[in-house]
Amino acid sequence: MRNGGKSYTRMLFWLLLAAQFILSLIILVPIFYESTKEFTASLTLTTEQKQISKYGHFYRSMKDYIRQIPAEDNAVIFEPPGERAAFFWILNYFFLPRKIYTFPEYFMLDNDFTAKRGIKFVLIPQEKRFYFKRHVPRMPDIMTKSPVNFDTLAYPPLFSWVAPDTGPYSLSLCSEYAEVLNTYRDLEILLTDRWTMPQGYWSSIPRGQKVYWFVRSVDQDMTSGLMVFYKK
Amino acid sequence: MILLSILFIFNLIIGGVFVWKYVFKSHFFLSQAIFAGAYSIIIFILMVLGIRLNSIIVFFPLVFIPFILYKINVAPWTGLPPNKRRNIYSCLLAFFVLLTLLVGAAHIMKSPVYEGDGLAIWLTKAKMITLDRTIYSENFFDPHRIHDHPRYPLLLPLLESSFFFAVGIDERLVKLIFVYIWVLIIGSLYEALRRKSLNTALASIAIIALIPAYYTLADGGIATGYADIPLGLFYLGAFVLLADYLDTGNRKPLIGAGLCLAFSIFTKNEGLLFTIIMFFFVLIKKRRKSDILITLSAIVLPVLPWLILAQHLPSLYAEHYLSYVPEFYLYLHRIPLIAKTALFEIFDLRHWGLFWPLSIFVFMHRKPKPETIHFAAALMLLIIFYLGIFIITPWDVEFQMKIVYPRMLLHIMPATLFLAARQYAAGAPNKLPAQSPPAC
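Taken in order, these protein sequences are the chains called A and B. Residues 1 to 232 (our numbering) make up the first sequence, in order. Residues 233 to 672 (our numbering) make up the second sequence, in order.
Calculated directly from the structure, the hints in this document are not laboratory data. Mixed in with the good hints, there may be bad ones.
[Claimed, not checked] So the derived label-pair ranges between C-beta atoms look like this:
1. Ile26(A) x Leu301(B): 43 to 49 Å
2. Glu630(B) x Gln199(A): 20 to 26 Å
3. Cys323(B) x Thr9(A): 25 to 31 Å
4. Val162(A) x Lys572(B): 37 to 43 Å
5. Glu630(B) x Ile26(A): 25 to 31 Å
6. Asp479(B) x Lys210(A): 56 to 62 Å
7. Val295(B) x Lys210(A): 48 to 54 Å
[Unchecked claim] Chain A regions said to be covered by chain B (calculated; three or more residues, Cβ under 8 Å):
8. 12-20
9. 25-34
10. 194-203
Bear in mind the structure is a predicted one, so any value in this text is a computation, not a measurement. C-beta atoms are modelled at their ideal positions from N, C-alpha and C, and glycine is treated no differently.
Based on the provided sequences and hints, a complete structural model is requested.
This is the structure:
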């Protein structure tokens, strides 16, 4: 290309190179320009379904944010590490009026998820101050059907349950120590009251393993009873 | 805090300068990269030995200062600026690149680490290490406290954690590490290419400094705090040093390449795949049989403690991708979708501009050297394996590709640019002498 390259190919190369620079500048200059502006933020802290499981993250600096929140009516101030719970923290940055970035941040203050299950906190921006209100959502019961308790299986099971609402649902599988699969987190939201375990997951479960399962309604923050089956 | 942040980065630079002066004399920026990797490994081994980290230990590279001052007899930047080929175009390009770097760094530092994986995987691990001062804590080993991807490697979390020990936990300032790594990528490219052609080197770093994906990708961009940027640095380092080895036959670059491969394993699990491919590359291109053993040692020894320890960490069933391999034939119908999505991403102007077509054009235009073909084949093989993951994935293919595949291209992009620029500069009549006096 440098030596003896034909003129039209050389021209094409330079055209491509110039187009690369121009395109990059067209894309990046507005983004760089926007990042020079101050941004506002709204904060949401909630016990989303996904975080109610044994699935949490330490987020130390969250405390610093929380300490800045003024104690007002309906406001709840956490004083970690006195209480422990897994929460979901969403920070929305508004760089542009029509462009909203949602950034989930995780932190975990406690192992005792049950104490706080179903309680929802919402941080509401008020000028530069934030506080969060407390909501207690409805908690319907979900009855697990199959596999039945202490069932021994030789094939990937069909999970089914009966629920008063229409879902969507999240099904979790646990070993004796930890949640190993959460369909909501790892696969998909379940829209019906049944789900068959894919062969891949079945293959990854060791023979003789005791597996617990339970199902939750994703938008209602609740949990059904725990069932157990064994892989044959 | 800002002063402490600068001191921490200076601390890493001192270690890099030590490696540069004593080991890899012709690779200033890659010496920095190699030291950053070695720094993480050393911190990890200290923890394995039961030493609890503190803010004094993380500053250990400062003890190298007397050794550096003893060794330095000329200014450290001597030899870094290009030599007599500098002209008005190169000065303009250099100014343009520096301006882009400054603006880009300001953009990166604007917000704290905010994206899901940046926080929930990498920064969470870093905070766990910082709060516990070791990895031998229930946060890592108690399955009840299982966190996202407990077996993911620890190079980046250890760097971030060391930063936290030095400065305190700060999600914004910690991104200085990513700016530092970004500068190392650009510097390494420049340094590797300037020997062939100054203008090609400057144009290449101008291209990479302006690739939109690095600034705009919500999953994997520099600003997001993901481990993909450090991984890209080590891929590039392995390529540059292996090319140096093939050019000169020296063993030092080969050891450096082996270390870069080891650090890529310690950065992300994808690095293991890359390492295996590059090890086969060394098997084919070796100068001496003993070089194989040297490479293998350089790869395995640094990461062996991690590979052993990782087996004792809790795991998630969902991460056992290999368990899906026996069923791959059930999902072959995904191939057209995977191919289509992969192709569309390569031509996504908002992410890459025209970088990939431009690179393909450079490779196609003139017949590459055999070694360039082998390097390109290694990258192609890596991409094929990457795409193979989407055949067996238990996730929704299109969704996962949309998130993960651009990241994979981020890994190989600097190495691809290095190859393309080398190919472009091959046969250039104006090769520069190794050392010549500065002109302007």
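Consistency of the hints with the structure:
The hinted range of 43 to 49 Å is satisfied by Ile26(A) and Leu301(B), whose Cβ atoms lie roughly 47 Å apart. For Glu630(B) and Gln199(A), the hinted distance range of 20 to 26 Å is satisfied, since their beta carbons lie about 21 Å from each other. The hint said 25 to 31 Å for the Cβ distance between Cys323(B) and Thr9(A), and at roughly 28 Å that hint holds. The given range of 37 to 43 Å is respected by Val162(A) and Lys572(B), whose C-beta atoms sit roughly 41 Å from each other.
Between Glu630(B) and Ile26(A) the Cβ separation comes to about 28 Å, which falls inside the hinted range of 25 to 31 Å. For the pair Asp479(B) and Lys210(A), the supplied restraint of 56 to 62 Å holds, since their beta-carbon distance comes to about 59 Å. Taken as a hint, the range 48 to 54 Å holds for the pair Val295(B) and Lys210(A), whose Cβ atoms sit roughly 53 Å apart. A count of 6 residues in the region 12-20 of chain A with a Cβ less than 8 Å from any Cβ of chain B is obtained; the coverage claim is therefore met, three being the minimum.
Three residues within the 8 Å Cβ limit are the bar, and the region 25-34 of chain A against chain B gives 5, so the coverage statement holds. As drawn, the region 194-203 of chain A meets chain B at 5 residues by the rule of a beta-carbon pair under 8 Å; at three or more, the given contact holds.
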